[in-house]
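Novice: Top to bottom, those sequences are chains A and B.
Under our numbering, the first sequence has 9 at position 9, and the numbering climbs by one with no breaks.
Counting from 1 along the second sequence, just add 134 to a position and that's the residue number in our numbering.
If you are wondering where the hints come from, they were derived from the structure by calculation, not from laboratory data.
Heads up, some of the hints might be wrong.
In silico DSBU-like links for lysine-lysine, alpha-carbon gap of 35 Å or less [stated by the list, open to error]: (1) A:Lys6 <-> B:Lys475; (2) A:Lys126 <-> B:Lys148; (3) A:Lys6 <-> A:Lys74; (4) B:Lys552 <-> A:Lys86; (5) A:Lys112 <-> B:Lys170; (6) B:Lys315 <-> A:Lys4; (7) B:Lys428 <-> B:Lys475; (8) A:Lys133 <-> A:Lys4; (9) B:Lys149 <-> A:Lys6; (10) B:Lys315 <-> B:Lys170; (11) B:Lys206 <-> B:Lys170; (12) A:Lys112 <-> B:Lys349; (13) B:Lys170 <-> A:Lys74; (14) B:Lys315 <-> A:Lys6; (15) A:Lys4 <-> A:Lys112; (16) B:Lys149 <-> A:Lys86; (17) B:Lys149 <-> A:Lys126; (18) B:Lys170 <-> A:Lys2; (19) A:Lys2 <-> A:Lys126; (20) A:Lys86 <-> B:Lys315; (21) B:Lys428 <-> B:Lys455; (22) A:Lys112 <-> A:Lys6; (23) A:Lys112 <-> B:Lys344; (24) A:Lys4 <-> B:Lys170; (25) B:Lys344 <-> B:Lys537; (26) A:Lys86 <-> B:Lys344; (27) A:Lys86 <-> B:Lys170; (28) B:Lys428 <-> B:Lys547; (29) A:Lys74 <-> B:Lys344; (30) B:Lys148 <-> A:Lys86; (31) A:Lys86 <-> A:Lys133; (32) A:Lys6 <-> A:Lys86.
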Amino acid sequence: MKIKAKTVVPGITEGEAIVSRTAISFTGGMDPDTGIIREPGHELEGQSVAGKILVFPGGKGSTTGSWQFYAAFKRGAAPKGIINVKAEGVVAISAIITGTPMVHELEQDPLKVIQTGDFIRIDADKGFVEIEKG
Amino acid sequence: MQLTRQQEDMFEGKKGPGARRAMEILVAYGDVYDAKRMIPVSSVHMAGNFPVLMDEGIQWLEDLAGEGTRVKVFTTKNPEMYDFEEADELNIPMAYQVRQNRIHDALKSLGVTLTYSCHHYLVGNVPRFGDHIAWASSGSQVFANSVIGARSNRDGDHAALAAAITGAIPEWGLHLDENRKGEFIIDAGRLDLENYGSADYKALGWHLGKAVGTKIPVFVNLPHDMVIEEIKGLLYTLTVTGATGLVHLVGITPEAMTVEAAFAGNPPPLPEITPSQEDVNRAYLDISSSSEEKVDMVIFGCPQCSIQEVREIADLLGDRKIHPDTQLWICTSAWVKTLCKRMDFLDSLRASGARVVADVGAADGPHLYLREQGVRVVAINSARGSYYAHNLFGMETWFGSTKECVESAVSGKWEGRK
Numbered sequence: 001m002k003i004k005a006k007t008v009v010p011g012i013t014e015g016e017a018i019v020s021r022t023a024i025s026f027t028g029g030m031d032p033d034t035g036i037i038r039e040p041g042h043e044l045e046g047q048s049v050a051g052k053i054l055v056f057p058g059g060k061g062s063t064t065g066s067w068q069f070y071a072a073f074k075r076g077a078a079p080k081g082i083i084n085v086k087a088e089g090v091v092a093i094s095a096i097i098t099g100t101p102m103v104h105e106l107e108q109d110p111l112k113v114i115q116t117g118d119f120i121r122i123d124a125d126k127g128f129v130e131i132e133k134g
Numbered sequence: 135m136q137l138t139r140q141q142e143d144m145f146e147g148k149k150g151p152g153a154r155r156a157m158e159i160l161v162a163y164g165d166v167y168d169a170k171r172m173i174p175v176s177s178v179h180m181a182g183n184f185p186v187l188m189d190e191g192i193q194w195l196e197d198l199a200g201e202g203t204r205v206k207v208f209t210t211k212n213p214e215m216y217d218f219e220e221a222d223e224l225n226i227p228m229a230y231q232v233r234q235n236r237i238h239d240a241l242k243s244l245g246v247t248l249t250y251s252c253h254h255y256l257v258g259n260v261p262r263f264g265d266h267i268a269w270a271s272s273g274s275q276v277f278a279n280s281v282i283g284a285r286s287n288r289d290g291d292h293a294a295l296a297a298a299i300t301g302a303i304p305e306w307g308l309h310l311d312e313n314r315k316g317e318f319i320i321d322a323g324r325l326d327l328e329n330y331g332s333a334d335y336k337a338l339g340w341h342l343g344k345a346v347g348t349k350i351p352v353f354v355n356l357p358h359d360m361v362i363e364e365i366k367g368l369l370y371t372l373t374v375t376g377a378t379g380l381v382h383l384v385g386i387t388p389e390a391m392t393v394e395a396a397f398a399g400n401p402p403p404l405p406e407i408t409p410s411q412e413d414v415n416r417a418y419l420d421i422s423s424s425s426e427e428k429v430d431m432v433i434f435g436c437p438q439c440s441i442q443e444v445r446e447i448a449d450l451l452g453d454r455k456i457h458p459d460t461q462l463w464i465c466t467s468a469w470v471k472t473l474c475k476r477m478d479f480l481d482s483l484r485a486s487g488a489r490v491v492a493d494v495g496a497a498d499g500p501h502l503y504l505r506e507q508g509v510r511v512v513a514i515n516s517a518r519g520s521y522y523a524h525n526l527f528g529m530e531t532w533f534g535s536t537k538e539c540v541e542s543a544v545s546g547k548w549e550g551r552k
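So that you can see chain A by itself, here it is in the shape it has in the complex (with noise of 0.2 Å):
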């Protein structure tokens, strides 16, 4: 399946989707170590986003988020694609500063269409996001 988005960080890219129906700070919610969500009761705690395409509504929380980012980004333990229901400031100058593919507004609910498992391909050049079933 392939659906249009709008492109907040160009570039491609391609991997494991993990979802979550429930915002992200990645000031406290995340380890910069390796990616796993550490905020207690979040839907991914315990999980890891390192490496996958991390699908999610939006940010929340700290406005900081951006520098714990950028360090999990360096450390190898970032996301390698973003996909937002509606951008928040803080993810979108997360994936800037670090060249992160993102995109947001698409034209189905990601969080309907995808799935923890699929195969996702971001083209934030052209704009559209694939998915196949995993």
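Fit chain B to the given chain A structure using the hints.
Specialist: Positioned in the frame of chain A, the structure of chain B alone reads:
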């Protein structure tokens, strides 16, 4: 996005690599939100400190500074890890001193004013009504929008620093009139506000944050004579459990002198939320994470204590001594610490066993080494501080009023609600 000639020069690298990188960040950022142009900013504030920057972030700042980049706009900086004057007295490990000094040197080279304060609007960074600014730090951002009437989005440090270097920010979100209208009414009229103190407003903010989310609430029936600490208590806590950037406090917020003004003409007939005292009481208990009576440390200053708050703590403590197994820290800016010296609060607090610590806030930096020094249970009069001390640094926390916290410091055990 439309760029001016000067902005285009920066984008093309004619003003140096730092200005180019800053402009690249801002153009990409503006494109996400369909910004049509960049607008000048009059004030910038940076939030991050070592626990969030980490070594990679320090390197990022050093690379930027090494390129000879300088800020064009007055820029202040949030608290760091320890009091620059008391590194030895506080037993700060050398590894942290090296990090803080590297951040200090990089920011100084960039031309950032080294306030190390989160009440930067009390120490000289005061925008005017209607000014466009870039304030990272979610609490002070909502303060700027809601109390001063200056205009800032939830930008984050990289966007704020890029704005400081280029002198501009993309025009979107709260910079535009149409995005500053109230969205729903919160009626505070059922609460016993005559007897409210700062802690009660924090508990109220905690309760309401989730329902507010990223929306713009309009508070009615709040007393117009709320003191600044109470206003801060409400606003700073709303951005912990929620992520709002603007709150209309009718009668206080410059753009919301009336309900009609807050909604730009069409207020809804009924309030959407009418909090009860039970909601606030429940929030008090939700904020605390601890179940242990013994308190290792009482820490004030999230956001940093004003001189009025230091005076209140000193008055409550009187000439009593704090418990030998409990520490009491008052976190503030270097400027307020200087005032404390001048007014003899420093000596009287020291005689009680309390400590005034500058350049840090009670929510973050110090917990890094306090935890290593064996501090586990912390009492605090800030819901925001409680949240970050627990979630970022693993402290167990008690939340209560300033008086309850002072009494706990004297007895060594939690004296507030549990």
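Novice: Next step is simple, just say for each hint if it's right about the structure.
Specialist: Going down the list of hints, with the structure as the test:
1. Under the criterion of a C-alpha separation no larger than 35 Å, the hint pairing lysine 6 of chain A with lysine 475 of chain B is inconsistent with the structure, at around 56 Å.
2. Note on lysine 126 of chain A and lysine 148 of chain B: the hinted pairing holds, with a Cα-Cα distance of about 29 Å set against a maximum of 35 Å.
3. Between lysine 6 of chain A and lysine 74 of chain A the alpha-carbon distance is near 26 Å, which keeps this suggested pair within the 35 Å criterion.
4. Between the alpha carbons of lysine 552 of chain B and lysine 86 of chain A the distance comes to roughly 40 Å, so the proposed pair goes past 35 Å and is violated.
5. A distance of roughly 32 Å separates the Cα atoms of lysine 112 of chain A and lysine 170 of chain B; the hinted pair therefore holds under the 35 Å criterion.
6. Pair hint lysine 315 of chain B plus lysine 4 of chain A holds up; C-alpha atoms about 31 Å apart against a cutoff of 35 Å.
7. Distance check on the hinted pair: lysine 428 of chain B and lysine 475 of chain B sit about 31 Å apart at the alpha-carbon level, within 35 Å; holds.
8. Annotation: proposed proximity of lysine 133 of chain A to lysine 4 of chain A holds, straight-line Cα distance about 17 Å (limit 35 Å).
9. Note on lysine 149 of chain B and lysine 6 of chain A: the hinted pairing holds, with a Cα-Cα distance of about 31 Å set against a maximum of 35 Å.
10. Under the criterion of a C-alpha separation no larger than 35 Å, the hint pairing lysine 315 of chain B with lysine 170 of chain B is consistent with the structure, at around 21 Å.
11. Only pairs whose Cα atoms come within 35 Å are accepted, and lysine 206 of chain B paired with lysine 170 of chain B is accepted, the gap being roughly 22 Å.
12. For the hint linking lysine 112 of chain A to lysine 349 of chain B, the alpha-carbon distance of about 24 Å falls within 35 Å, and the restraint holds.
13. Note on lysine 170 of chain B and lysine 74 of chain A: the hinted pairing holds, with a Cα-Cα distance of about 33 Å set against a maximum of 35 Å.
14. With a C-alpha separation of about 27 Å, the suggested pair lysine 315 of chain B and lysine 6 of chain A falls inside the 35 Å cut-off, and the hint holds.
15. The suggested pairing of lysine 4 of chain A with lysine 112 of chain A holds, with an alpha-carbon distance near 15 Å, which does not exceed 35 Å.
16. Distance hint between lysine 149 of chain B and lysine 86 of chain A is fulfilled; the C-alpha atoms sit about 33 Å from each other, no more than 35 Å.
17. Taken as a hint, the lysine 149 of chain B and lysine 126 of chain A pair is honoured in the structure, with Cα atoms around 31 Å apart against an allowance of 35 Å.
18. Under the criterion of a C-alpha separation no larger than 35 Å, the hint pairing lysine 170 of chain B with lysine 2 of chain A is consistent with the structure, at around 30 Å.
19. Distance hint between lysine 2 of chain A and lysine 126 of chain A is fulfilled; the C-alpha atoms sit about 12 Å from each other, no more than 35 Å.
20. Distance hint between lysine 86 of chain A and lysine 315 of chain B is fulfilled; the C-alpha atoms sit about 20 Å from each other, no more than 35 Å.
21. Taking the CA atoms of lysine 428 of chain B and lysine 455 of chain B, the gap is about 17 Å. The hint holds against a cut of 35 Å.
22. For the hint linking lysine 112 of chain A to lysine 6 of chain A, the alpha-carbon distance of about 17 Å falls within 35 Å, and the restraint holds.
23. Proposed proximity of lysine 112 of chain A and lysine 344 of chain B is supported: the alpha carbons are some 23 Å apart, at most 35 Å.
24. Only pairs whose Cα atoms come within 35 Å are accepted, and lysine 4 of chain A paired with lysine 170 of chain B is accepted, the gap being roughly 23 Å.
25. In summary, the hint linking lysine 344 of chain B to lysine 537 of chain B is supported, as the alpha carbons are separated by about 28 Å, within the 35 Å threshold.
26. The straight-line distance between the Cα atoms of lysine 86 of chain A and lysine 344 of chain B is roughly 19 Å, inside the 35 Å bound, and the hint therefore holds.
27. A threshold of 35 Å between alpha carbons decides the hint, and for lysine 86 of chain A with lysine 170 of chain B the separation of about 19 Å falls inside it, so the pair holds.
28. Taking the CA atoms of lysine 428 of chain B and lysine 547 of chain B, the gap is about 4 Å. The hint holds against a cut of 35 Å.
29. Note on lysine 74 of chain A and lysine 344 of chain B: the hinted pairing holds, with a Cα-Cα distance of about 33 Å set against a maximum of 35 Å.
30. Of the pairs offered as hints, the one joining lysine 148 of chain B and lysine 86 of chain A holds, with about 34 Å between alpha carbons and a cut-off of 35 Å not exceeded.
31. Restraint check for lysine 86 of chain A and lysine 133 of chain A: the C-alpha separation of about 23 Å stays at or below 35 Å, so the hint holds.
32. Straight-line distance between C-alpha atoms of lysine 6 of chain A and lysine 86 of chain A comes to about 10 Å, which keeps the hinted pair within the 35 Å bound.
Violated hints, listed in ascending order, are 1 and 4; each of the other numbered hints is respected by the structure.
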